[in-house]
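The residues making up each chain are set out below.
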Amino acid sequence: MNEIKPPRIVETAPEGDEWIPSTCNLCYGTCSILVHKVDGVAVKIEGNPKSTVGKGRLCGKGVSGLMTHYDPNRIRRPMRRTNPEKGIGIDPGWEEISWDEALNEIAGRLKKIRADDPRKLSIQRTTTVYTMGLPWGAFAPGFGTTNVSEGGGGLHCGNSAHQISGLLHASWGVLPDFQYCNYALYFGASKGHAAGHNSNSNMAQAADARERGMKMVVVDPMCNFAAAKATEWVPIRVGTDAALALAMCNVLVNELGTLDIPYLKAKTNGPYLIGPEGTYVRDGETNEPLVWDSKAGAAKPHNVADSEDMALAGEFEVNGVKCQPSFVLLKEHLKKYSPEYAEEITTVPAENIRRISAEFAKEARIGSTIVIDGVTLPYRPAAAIAFRGLQGHRNATFNFFAVLLLNQLVGAADVVGSCLGFNPAFDGIPETGRMGYKPKASVDGLMAVGTWMAYDPPYPHPEPRKPEEMGLQDLFIMGMTSPFFNSEQGEELWEKFDMPYRPEMLINYGANIMMSIANKDLIAESLKKLDFIASFDLFLNETSDFVDIILPDRGYLGCYNTRPNTPYIFSHPAGMGDWSWAIQQPVVEPEGEERIFADVLIDLAERADFLADINTAFNAVLDLRGEHRLQGDRKYSYEEICDADLKNNFGPERGLEYFKKEGVVTWPKTPEEVYWRPFTDARVPIYLEWMPALGEKIQAISGPAGLDIPMEYYSALVDYLPCQSFECNHDDFDFYTFYYRDTLHTNSFTMENAWLDEAAQLDPYSYNIAMNTASGKQRGLEDGDVIQLETEKGRQVKGRVHLTEAIHPEGLGIAALCGHWAKGMPVAEGKGVFYNELLELDWENVNPVNLTLDLCSKVKVTRVEESR
Amino acid sequence: MGEIPELEHGLEPRLDTDEDRSAVLWYSAGRRAADDAASSTNSQNIAAPEIAVDVLLFGLLSAVTTESPVSLSLAGTATPMDVVAALEDRFGAEPFAQIKDPGVGILPCCRLFVDGEPFEDVDAPISPDGKSATVEMIILKGFEGG
Ligand code: SF4
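Respectively, the protein sequence lines represent chains S and H. Okay, so the first sequence: first residue is 1 according to the numbering used here, each after it adds one. Okay, so the second sequence: first residue is 1 according to the numbering used here, each after it adds one.
Next comes chain S alone, as it looks inside the complex (with noise of 0.2 Å):
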């Protein structure tokens, strides 16, 4: 077992002036950062370089963190309404109340809630500082309510690139090996280029292997982060990726012949024999799916044949049932998807998507093995990556799978210079072994998950039934997120499937869903439908026009995280190096009466009467064992069930005090972890056996409640199935919209800090509407005219556009989530464009499989107003 590397000694420094080791939150990128303070007072925000979160780089976010912390405009105190009206723009009328008033009537309505249905409460969270949930994870299944969600649920959240990397890889995303990677394919992702999970090691590492070499293909409706800097873009028809990508592996399967086999015949259910229902054929005794043993000619269950000997091709007859493999059913599906069918439905030439796909295939090097400090591994130094941009549609779940499919097909799965989930493997803390997890093999040898950020894992399912949650993600049991869980169309939804209770009371945690989630006169409604909302919150935005009680948070400056790298599949970065474990912790004092939150939790589980609940969760979330286990219904401070969890998990040595003077411990990653594919016996599934009957099950449910399944999604087989956007037919609706992250703000929120707003202003994407130069100037537009957008249901938005060569002659691409209009917001008032404004919230779009929202429309532009 490798040993952690040596405690860094603290450099002296004069008195009043120190570095204090923390990490940045101004996304859910959690960079490592050392804060230098000087006189009390913060003065610089710096990467630091002893942890290979960020290794030493930060953002443009990032090293603005100050300017948050110190913006006048925060709230200090707590504050309630006087005004009991709610609506958009009404003023509240807040009048500041102690905390011990705040606490108490939040309380009392806890209380009260807890002992008639504790699922009327609801808990919103945003995503920005995602990685701060653990107190939550305790304050909520400790209530005992489990309607929890993200604020952003419709925009943010990638329900279905999280679900499909944990299917197929058995992590929260995927990215490629940027070390040893020669060929990085990328559909609506800029990993590597941009913000989100482990952004900045991403960065270094993806400007280090462009200058090596590594060939980028990116295609994306618009050339910016990662296109930009790649050697072709691909420029596409907004949500028709999945069309592209399987018309690539009809090139590889039917065209090239370019295939692993070894590798699908080992590590995919493509061998599983299916007969005429399109489900396995199984054995009569051990009911496992039966594959043909090509030596033995006969069937044998796939846990008993070597792989070696599986048939991938031929038809069979096994106890009077006529079966093929599964493959063979995957190459005859992906015929109909020829580069000329796919041209028509993405605008991309047929002869490109022959060459790319025969760039990917040369490039993957199949059959090659190389030499990793010592290990003999595959060497497939060919990526095909996606992200948020591509599964933002309603066909989200096929979109995702058929891009990954194409590194199946070459056995490009984490090994190395492939397609590497993030960090599914890991041997545990050297010096305890804990927290160590690994995929395994599961229902029909499958591949589970080692760990997971939710917990039911995305294989195996539990059986859908009727839903008691608000999201309805016990009947869609594939999603994560769900846009209806604060929305007019959740009411409806709830209504059709008789759900016993409804929510009461909210507690929000910095979510902005007035913008997050869709447009927003729908989430108004659900809002003042709620008989009271507490908020812990930065800034008065949006959505406090419907919150009761207002709590002022510290901010990620003010707070303690044990975990805000771990598990390693959310945040940290791939491929060989080190694993580091920081921590974040309380840099600057509070400002006014700020607390931090999870003391506030653990003081309103004390006036609400279940300590010992709360107690019992963190036990359990923490996984906290021995004499660190929090005892009955004592109460905790924060601060000391930190001390628990890292004593815990590193020994008696290693407390908070420790990690908040070293603030990280790093170790080496071994090859067995980072390309664990090979040491692993699990299959990832190439056919969705099982998706067929979930359908059904699911509409069995939902039918008679009058919603009916598009069973077109629950196919075994992955197809491309269009946006409802789509069907918008009028001749003056002629673009697409879609929305995109900026670099350089995180969701709704650092719109309001000064230093990022200046450069927003600076850049001509961040608060415009892009659009490409020559539409542009067929409708007789000038840049930096203002337009307005349409879409078929009147809905509206103007900004100012930015012609550009840079964007898909059919896309308008519209960047982060702007246009505020709060006045508790006043840098960011009135800048930029409020995209979700555009975005219905129905069932119709979204992904009928994981709820995912589509967010794209189609729109019609007029202009309002001639450039300056």
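The set of hints was computed from the structure by calculation and includes no laboratory data. A quick note: this is a predicted structure, and the numbers were derived from the prediction, not measured. Among the clues, some could well be false.
To be verified - Selected chain S positions facing chain H (in silico; Cβ < 8 Å):
#1 Glu95
#2 Pro457
#3 Pro462
#4 Glu463
Note that the Cβ used here is the ideal one computed from N, Cα and C, for glycine as well.
Dock chain H with the ligand against the given chain S, drawing on the hints supplied.
Chain H with the ligand in isolation, oriented as in the chain S frame:
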């Protein structure tokens, strides 16, 4: 394009792909697993006397009853599923429907502790040594998105 990178930490690429060098690496994990399965022996169920089990229900499950702990008398070989079955007998099946699944058994969102230690194998006896046990149960949900 496609040049082999300058290799670090002692890499030795072998790219003569006429021979499929990686095939054996793909096949090896399955072969190891088959060998392990062949050499493992099945454990036997040994009949054991009844044991006293105290169950503490937390969070949403605490609404099931005001009784705390819930005292049960179960077979010495009782597994977590047997504990849930006994709770269903006493309090009805409905409150426990959300933690059970026909395919998966007890869902991963339901966390169990036996005598203060996390207990993950829902098919294993909670008290292999036949002593009385305290079982804590809580449903964890809502760590999602991002
Ligand atoms: S990527 Fe995110 S966590 Fe890292 S420095 Fe930027 S804002 Fe902070």
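Exercise. Do the numbers back the hint for S:Pro462, that is, is its least Cβ distance to chain H under 8 Å?
Worked result: holds (4 Å)
Exercise. Taking the closest Cβ pair, is S:Pro457 under 8 Å from chain H?
Worked result: holds (6 Å)
Problem set entry | Hint validity - S:Glu95 Cβ closer than 8 Å to any chain H Cβ | violated (32 Å)
Exercise. Close enough to count: is the Cβ of S:Glu463 nearer than 8 Å to one in chain H?
Worked result: holds (5 Å)
Hint 1 alone, counting from the list given before, is not met by this structure.
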